[in-house]
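Listed here are the chains, written in short residue letters.
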Amino acid sequence: PPRACDDYWSEFRHCKSLWNRFHHYYTHGTSPSCQQWKEDYRNCREWEKRKSTEAKEALQRSERNRVAEQTKFTPVWKLRQYPPRDWNMPLNQDKPQDS
Amino acid sequence: MDHTKQEGEYGYELFPHRNMGKNKQGSIAEGQFTFNHKCQIMLQFAMETSPYAKLLLSAMKNSGCKLFKDRHFSCEDCDGTVSGGFDASSSQIVLCQNNIRQQSHMNRVVTHELVHAFDHCRADVDWFNNLRHLACSEIRAANLSGDCSFSTEAARFNFGLKQHHQDCVRGRAIRSILAVRKIGQEEAEKIVNEVFNTCFNDHAPFGRIPHSKKDANFAYRDYENRDRYYSNL
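So the protein sequences, as listed, match chains A and B. 48 is the number of the first residue of the first sequence in the numbering used here; add one for each residue after it. 492 is the number of the first residue of the second sequence in the numbering used here; add one for each residue after it.
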């Protein structure tokens, strides 16, 4: 499975915690929905224990959904192919020894 | 917080010790040494223990921009209340040794500037000419660094609840832009509003908005496991 099954359970518990519900309201103005994590935990266990293809596909769908949610906006900038050329170029000023 | 290139036009005046290559002498020197020393220690601690910073450092290394403390970080004196900045022209994160007094503040500033550095590394950000790019990175930095967490805002006496986080992010992004560009409040607001939705929802490399250290630890765990994750989708 994409994550260790215990990770799904810990995400579920974390999601339902008071702190997280507070932070979610503070950020989004709504309550978080945590059921999916519990569902994913169930499917993860099914996949591991019984090699259930249904469970496997359900879990994969859920995770792909999560990835899609993170990437559904159009970025304002273009991603680079290579890191900036001057990232490690030596500093050209005579800096005092404080850095 | 800002991406400085020229005196006056890009906010360089906030960082008077950049590009001056001088050695501070005299009785002030001892005070500077203590500030500087403390800054270095807090920076080291942040890099080693803050899950926010560790995740960003790891992500940057994997994007080809490994950070070296001596090359990419600089503790300096700054003007006013500025806490830090990212200088794209020298690929350095500036930390204001005279304005950062607590470890928690250092952790936040380091995270904030690392978000800028991360954006610089993975995208073609035109810091100097494209205000939408600048706004986007400021929105992300305010959003992901804990700058706008409930406790941080409460400490500023900004008590808000429902969706206050977003108001805070918007406000801080606008302020950051105004601090380094000579544009009006209205124009800054317009630009931030234009890119807000996209940039507020860009959580790279965290994969979520880390509201707390626990969130950040979860995000770090996910990041470390990303190979397994993507190969099993």
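Please note that the accuracy of each hint is not assured.
As the list claims (entries may be wrong) - Cross-link-like lysine-lysine pairs, in silico, DSS-like; alpha carbons within 27 angstroms at most:
1) B:Lys653 x A:Lys119
2) B:Lys704 x A:Lys85
3) B:Lys552 x A:Lys85
4) B:Lys557 x A:Lys125
5) A:Lys63 x B:Lys557
6) B:Lys673 x A:Lys119
7) B:Lys653 x B:Lys704
Think of the hints as simulated: they come from the structure by calculation, not from any bench.
Taking the hints in turn, this is what the structure says about them:
Simply put, lysine 653 of chain B and lysine 119 of chain A have alpha-carbon atoms about 25 angstroms apart, close enough for the 27 angstroms limit, and the pair holds. About 23 angstroms separates the Cα atoms of lysine 704 of chain B and lysine 85 of chain A, which keeps this hinted pair within 27 angstroms; it holds. Only pairs whose Cα atoms come within 27 angstroms are accepted, and lysine 552 of chain B paired with lysine 85 of chain A is rejected, the gap being roughly 34 angstroms. With a CA separation close to 21 angstroms, the supplied pair lysine 557 of chain B and lysine 125 of chain A stays within the 27 angstroms bound.
Taken as a hint, the lysine 63 of chain A and lysine 557 of chain B pair is broken in the structure, with Cα atoms around 36 angstroms apart against an allowance of 27 angstroms. Restraint check: the Cα-Cα separation between lysine 673 of chain B and lysine 119 of chain A comes to about 33 angstroms, which exceeds 27 angstroms; the hinted pair is violated. Taking the CA atoms of lysine 653 of chain B and lysine 704 of chain B, the gap is near 21 angstroms; set against the 27 angstroms cutoff, the hint holds.
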